[in-house]
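Asks: Listed below are the residues making up each chain.
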Amino acid sequence: MKHIITSIIISLLSGILTTINAQLTLDCESGNRGVEQSWCWGFGAISYTSAKSQVISGDFSTRSNSMSNPSITASWIKTPWIIPASGDITLDTKLENGTGTIKQLILSYIPYEENSVSTSKEGNPVTFYTFDYPKSGNSFSQAVQKIKTTLPDVIVKNQKPVKILISFAGTGGSNRANADNISIPGTYISNPSDNCLPQTTEKDTDKDGVPDKFDQYPEDSEKAFNNYFPDEKTLFTLAYEDNWPAKGDYDLNDLVVDCQSNSITNADNKVSQIDLIVVLRASGASFRNAFALQLNNVPSENISFVKGNRIKNVELFKYTDNGVEDNQKFANIIIFDNFYAVMKHPGTGAGINTDENAPFVPYDTIRLYVKFKEPVHISELAAESFNYYMIPNVLSGNRGKEVHLADFIPTNLADPKLFNTYQDISGTKKDNGQINYYRTKSNLPWGIQIIQEFDYLKEKTPVNDGYLDFIKWAESSGKEYPDWYRDNQKNRNYEKIYSRKK
Amino acid sequence: MLIIRALSIFIFTSFLISCEGFFKLPEQSTGAKNIDELYVSHQFNWSTTKDVTVLINGLIKREGYPTQTAPLTISHNNQKFYTGFHTLHENYEIAVTIPVEIKSLKILYGQTEYTVDIKDNQAILTLTPVITEE
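Chains as they are written, first to last, in this note's numbering: chain Y, -5 to 496; chain H, 113 to 246.
If you're looking for bench data, these hints aren't it; they were derived computationally from the structure.
In this text the structure is predicted, and so the values were computed from the model without any measurement.
Careful: at least some of the hints might be erroneous.
Here are a few chain Y residues that sit away from chain H, every Cβ distance over 12 Å (derived from the structure) [claimed, not checked]:
#1 60
#2 64
#3 80
#4 98
#5 138
#6 175
#7 224
#8 261
#9 263
#10 324
#11 378
#12 411
#13 441
#14 466
#15 488
Okay, derived cross-link-like pairs now, DSS-like style, lysine-lysine, Cα gap no bigger than 27 Å in a straight line [unchecked claim]:
#16 Y/207 with H/218
#17 Y/466 with Y/490
#18 H/173 with Y/201
Just some of the chain Y residues that point at chain H, by a computed CB distance under 10 Å [claimed, not checked]:
#19 31
#20 372
#21 472
Each residue gets a CB set at the ideal place from its N, CA and C atoms; glycine is no exception.
Build out the structure end to end from the sequences listed, making use of the hints.
Replies: Here you go:
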């Protein structure tokens, strides 16, 4: 059935293409057979030559192998798949010397055989023209021969894909042929990205240019592909200290969330929507903390809507009609405005899910949808553009306190008066002139992103007590122990890591 | 007057030089026993990921050949980092963020799979081979 449909599509395509009187040409002037090969031309025992005595015109011509084999598959040039048109094949050719018994240039067509088991789908070649290189006395002429012949009616009328095979054959001697200025009436239909097979018209329901078989949203022209971070099956963890600008106890569990983003691109590889999954896991904090995302390269006005966030539990944040935070240059999405309003404190223990003696509170998952008015190129939304941050102690009425990952920029509602106070060095310059943000004097961060779900620490337990390679990783600037967070059964002190099983 | 000014500049400069160590941030620690002893480079980004730029050098545009596109995915060990469509004759640049320990990427371009090494945070796929004739 699939074959029948493909045949019909090729036939339809052929009908359209015959109205265009196209020519397929090869002049060798790329100087690199790889250029032609990448567009599905084939060469068998053929090279490109730039030797003056061998070049017919321009700077390059083709050069055959020694023509001492009568087979049409000994030394050959093969076109990509074409739909042939009426008209003449023309090419220029000459021999390099006068030796040999028989020297021929043979033209054949290769039919497309869709049901063939071979990956090339090539049928048997059918020869339709043979040119004998002329002799002058006992030796062959080395003059340029201008070949001109018509394509067989049968393939022009059929309008099915064919390849044209140009062979250099012969017996005796060690003569070679040069060829150039090849021109064949027909329309190119090979698909270089599909093993050079004839291109077919695929079903495209939403007409966005992405065939349904590749389109992950075949009925939505604004969406085509999912691009997950870290990947479709993985979430990453963000773990924060909330005592900024003071260093705190460094257990990195005052806010622990898992995230996954999906930048949904359209047919132009532009992001039309971002879907986020945020899993609330723990808050080993007495503060009521909020969690937000700034899209560093996206102006607030370019957001069409934000849906799914858990907000309006506190008065601290103001929003625009499209759902982003008001008075922000870049789009700021408050994902939740109070952890404790989403996950309820179990009644005992410090915080939520950091004290094994307190009841475990099931994780809560937020699914968030951010739609753009104008799609944004995916390169402007690299992972570094996703500037996740915490707003600690939202009940204090102070919106200016933010905790970002190291060197991620503050939003324009952050209070710069808090920079470079207590242990923080935000706003100071590094040796290379870049500005430090959210680092301690010893360059420790207040937040860390781990590329997988992170087994976070028990309350008041510094991260290095649970993760034995953490300090070595940091002191080596990440060169050593890059997998410090993965469980290899030797790099952890399990007693220090929170476990909900107990 | 000139002497006093020159002397002032000398004293002020000497003061700055002598205070350089005072103002300088702490050096990196080695073998810190705990978080309070830990001092790291201010260039260290604390990231468990790295940004890699994938460059696709497209086919060289030929007169009379149609504009064609191909599906493109970038992955490593079944972790898919990017899916999109590429116009064959265009050069294309895409940034992917991947775990730091990954050394190569698998690029599925149309029906063809390539393995491309990452060097200097770049992975380059050139679709046109260069054939050097003997």
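Asks: Which of the numbered hints are not met once you compare them with the structure shown?
Replies: 7, 8, 9, 11, 13 and 14
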